[in-house]
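Peer 1: These are the residues of each chain, in order.
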Amino acid sequence: MKKLIYMDHAATTPLKKEVLDEMLPYMKDKFGNPSSIYSLGGQSKNAVEIAREKVANAINAKPREIFFTGGGSEADNWAIKGVAYANRNRGNHIITSKIEHHAVLHTCEYLEKQGFDVTYLDVDEYGLIDLEQLERSITDKTILISIMFANNEIGTIQPIKEIGRIAKEKGVYFHTDAVQAIGHIKIDVDELNIDLLTMAAHKFYGPKGIGALYIRQGVKIDPLISGGGQERNRRAGTENVPGIVGMGKAIELAYENFEEKNRRLTYLRNRLIEKIFEKIDYVRLNGHPTQRLPGNVNVCFEFIEGESLLLSLDMAGIAGSSGSACTSGSLEPSHVLLAIGLPHEIAHGSLRLTLGDSNTEEEIDYVVEKLVGIVARLREMSPLYEKVKEVK
Amino acid sequence: MYSEKVMDHFLNPRNVGEIEDADGIGQVGNPRCGDIMKMYLKIENGVIVDAKFKTFGCGSAIASSSMATELIKGKTIEEAMEVTNKAVAEALDGLPPIKMHCSVLAEQAIKSALLDYSKKNNVYIKGLEDFDPTEDVH
Numbered sequence: 016m017k018k019l020i021y022m023d024h025a026a027t028t029p030l031k032k033e034v035l036d037e038m039l040p041y042m043k044d045k046f047g048n049p050s051s052i053y054s055l056g057g058q059s060k061n062a063v064e065i066a067r068e069k070v071a072n073a074i075n076a077k078p079r080e081i082f083f084t085g086g087g088s089e090a091d092n093w094a095i096k097g098v099a100y101a102n103r104n105r106g107n108h109i110i111t112s113k114i115e116h117h118a119v120l121h122t123c124e125y126l127e128k129q130g131f132d133v134t135y136l137d138v139d140e141y142g143l144i145d146l147e148q149l150e151r152s153i154t155d156k157t158i159l160i161s162i163m164f165a166n167n168e169i170g171t172i173q174p175i176k177e178i179g180r181i182a183k184e185k186g187v188y189f190h191t192d193a194v195q196a197i198g199h200i201k202i203d204v205d206e207l208n209i210d211l212l213t214m215a216a217h218k219f220y221g222p223k224g225i226g227a228l229y230i231r232q233g234v235k236i237d238p239l240i241s242g243g244g245q246e247r248n249r250r251a252g253t254e255n256v257p258g259i260v261g262m263g264k265a266i267e268l269a270y271e272n273f274e275e276k277n278r279r280l281t282y283l284r285n286r287l288i289e290k291i292f293e294k295i296d297y298v299r300l301n302g303h304p305t306q307r308l309p310g311n312v313n314v315c316f317e318f319i320e321g322e323s324l325l326l327s328l329d330m331a332g333i334a335g336s337s338g339s340a341c342t343s344g345s346l347e348p349s350h351v352l353l354a355i356g357l358p359h360e361i362a363h364g365s366l367r368l369t370l371g372d373s374n375t376e377e378e379i380d381y382v383v384e385k386l387v388g389i390v391a392r393l394r395e396m397s398p399l400y401e402k403v404k405e406v407k
Numbered sequence: 148m149y150s151e152k153v154m155d156h157f158l159n160p161r162n163v164g165e166i167e168d169a170d171g172i173g174q175v176g177n178p179r180c181g182d183i184m185k186m187y188l189k190i191e192n193g194v195i196v197d198a199k200f201k202t203f204g205c206g207s208a209i210a211s212s213s214m215a216t217e218l219i220k221g222k223t224i225e226e227a228m229e230v231t232n233k234a235v236a237e238a239l240d241g242l243p244p245i246k247m248h249c250s251v252l253a254e255q256a257i258k259s260a261l262l263d264y265s266k267k268n269n270v271y272i273k274g275l276e277d278f279d280p281t282e283d284v285h
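Those sequence lines, one after another, are chains A and B. 16 is the number of the first residue of the first sequence in our numbering; add one for each residue after it. 148 is the number of the first residue of the second sequence in our numbering; add one for each residue after it.
Any given hint might turn out to be false.
Here are a few chain B residues that face chain A, going by a calculated C-beta distance under 10 angstroms [what the hints assert, rightly or not]: (1) 160; (2) 178; (3) 182; (4) 185; (5) 206; (6) 207; (7) 208; (8) 209.
Quick partial rundown of chain A residues pointing at chain B, CB under 8 angstroms, derived from the structure [to be verified]: (9) 319; (10) 320; (11) 322; (12) 323; (13) 326; (14) 330; (15) 359; (16) 360; (17) 363; (18) 396; (19) 398.
Bear in mind the hints are in silico, worked out from the structure with no lab data behind them. Here the structure is a predicted model, which means the values were calculated and not measured. By construction, the Cβ of each residue, glycine as well, lies at the ideal position given by its N, Cα and C atoms.
All chains, please: the whole structure from these sequences, using the hints.
Peer 2: Below, the structure is given as structure tokens:
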């Protein structure tokens, strides 16, 4: 087996051919600026509006509530900074969680320096927030709750509907970073009482560099990028037309045959988890056993370090990721793994495999077979494993 | 990211294991930071006749340990004392800047094992007077 086995779909996904085919004309012949009044521009404008409708339909929003951005990080920054600045007269308190993506956490830390107060909610061993702690944290100064839909590392899905209900009752805006969820979970912004929602196309087989922020009609928010009048005066800059077209097509495809794809992915995920537990000891599953993204597997192998695991997998043609310090460029392991209560030495041995369209049952079995050998080899080398063997 | 030599020493590490009747054993690093190196030395007449290691850590930590044992095998204690972290990194055709501490850990593992030998056998080793094996290299 020489072909690459790609199991890092939470990092990014390959562009679908059907998506690329729709994008290509807008890179070549249909290159017009949507703001231009001649028909070449009008053609681009139409394409953008069709894509906007597709994105809106996917989450049961109105097209006028969808604003295209340069990706998920920009949308997170915009949602949080934009709401914070526009509602400063009402309060300066924001609630988020300890396991958010850095695009949310670092934005909140930035706002703290600007005089805002931020509450970082704890999570339990599965990565779930405590709804009572959320309710208790809300004060008359609270203007925004920002809780991710599903976690990018451990896959845990938050009780979004309950959070939305609490936010609505208390009259606080609710933003959710749904970058990992969109295209993989059905989302209805009305049913879930979501006011702002972040998405990024490259996580559902669309292009990189394009995302969107859903902003419920009536939400008070300042722009993040000032300039021209694009996106109804809320997000300046000439539209990334091919990207927008690609995002529209990709989101449409993501929700086609959704149930079937979801069932298949969940089956593969469960098979991978079961086989790992069957064949390897001293393993723990990170994240919630059932309330998790269909393609997400995150485990810790005790006594070994994640980067050496990833390098070994790479040599076997398998692409995965880890929350170990050595893979992050810092000395701290993943903030998510620490927040769910893992000790540092165990967090260093984490492996995330995220499945997608291309993965098959044979690949799952091949990966487990390789993992057995790799984990055994690294443990043989590990001074931490000696003691366990002695006890055995 | 890594040189071919680092990958070679990571995938085919030399001298992995333990020496049962080792004359000097040193352990450095800590699991919190994600790397621990344990080095075993067999010393006869002031010469390191065998060296083995066990390492919990990233690819470059394993490669640095492997290279360190290769560099000191057959050397006198004095010569082994001159194996610096720079020597380990150079022998591996370089390490990425954020991984340089792995080679520092390897140098410390050698010194820590030699310190253990010197204490057990009451032998003076020049250069170990101020060596602190618990010093944090991060």
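Peer 1: Work down the list of hints and note, for each, if the structure agrees.
Peer 2: Status of the hints after comparison with the structure:
Because the closest C-beta pair between residue 160(B) and chain A is about 7 angstroms apart, less than 10 angstroms, the hint holds. Given the 10 angstroms rule on beta carbons, the hint for residue 178(B) holds: about 3 angstroms separates it from the nearest Cβ of chain A. Among the interface hints, the one on residue 182(B) holds; its C-beta lies about 7 angstroms from the nearest C-beta in chain A, closer than the 10 angstroms criterion. Nearest Cβ of chain A to the Cβ of residue 185(B): about 4 angstroms, under the 10 angstroms cut. The hint holds.
Given the 10 angstroms rule on beta carbons, the hint for residue 206(B) holds: about 5 angstroms separates it from the nearest Cβ of chain A. Because the closest C-beta pair between residue 207(B) and chain A is about 8 angstroms apart, less than 10 angstroms, the hint holds. Because the beta carbon of residue 208(B) sits about 8 angstroms from the nearest beta carbon in chain A, less than 10 angstroms, this interface hint is met. Annotation: residue 209(B) was flagged as interfacial toward chain A, and the flag holds, the nearest CB pair being 6 angstroms apart, inside 10 angstroms.
For residue 319(A), the interface hint holds, since its Cβ comes within 8 angstroms of a Cβ in chain B; the closest pair sits about 7 angstroms apart. For the restraint placing residue 320(A) at the interface with chain B, the shortest Cβ-Cβ distance is roughly 5 angstroms, inside the 8 angstroms limit, so the hint holds. Interface hint status for residue 322(A): upheld, as the beta-carbon distance to the closest one in chain B is roughly 4 angstroms, under 8 angstroms. Here the hint on residue 323(A) is kept, as its CB sits about 5 angstroms from the closest CB of chain B, short of 8 angstroms.
A hinted interface residue such as residue 326(A) counts as satisfied when its beta carbon comes closer than 8 angstroms to some beta carbon of chain B; here the least separation is about 5 angstroms, so the hint holds. A distance limit of 8 angstroms between C-beta atoms decides the matter here; for residue 330(A) the minimum to chain B is near 7 angstroms, and the interface restraint holds. Here the hint on residue 359(A) is kept, as its CB sits about 4 angstroms from the closest CB of chain B, short of 8 angstroms. The restraint placing residue 360(A) at the interface with chain B holds, with a minimum CB-CB distance near 3 angstroms, inside the 8 angstroms limit.
Here the hint on residue 363(A) is kept, as its CB sits about 4 angstroms from the closest CB of chain B, short of 8 angstroms. Here the hint on residue 396(A) is kept, as its CB sits about 5 angstroms from the closest CB of chain B, short of 8 angstroms. With its C-beta approaching chain B no nearer than about 4 angstroms, residue 398(A) sits inside the 8 angstroms limit, and its interface hint holds.
When held up to the earlier numbered hints, the structure conflicts with none and fits them all.
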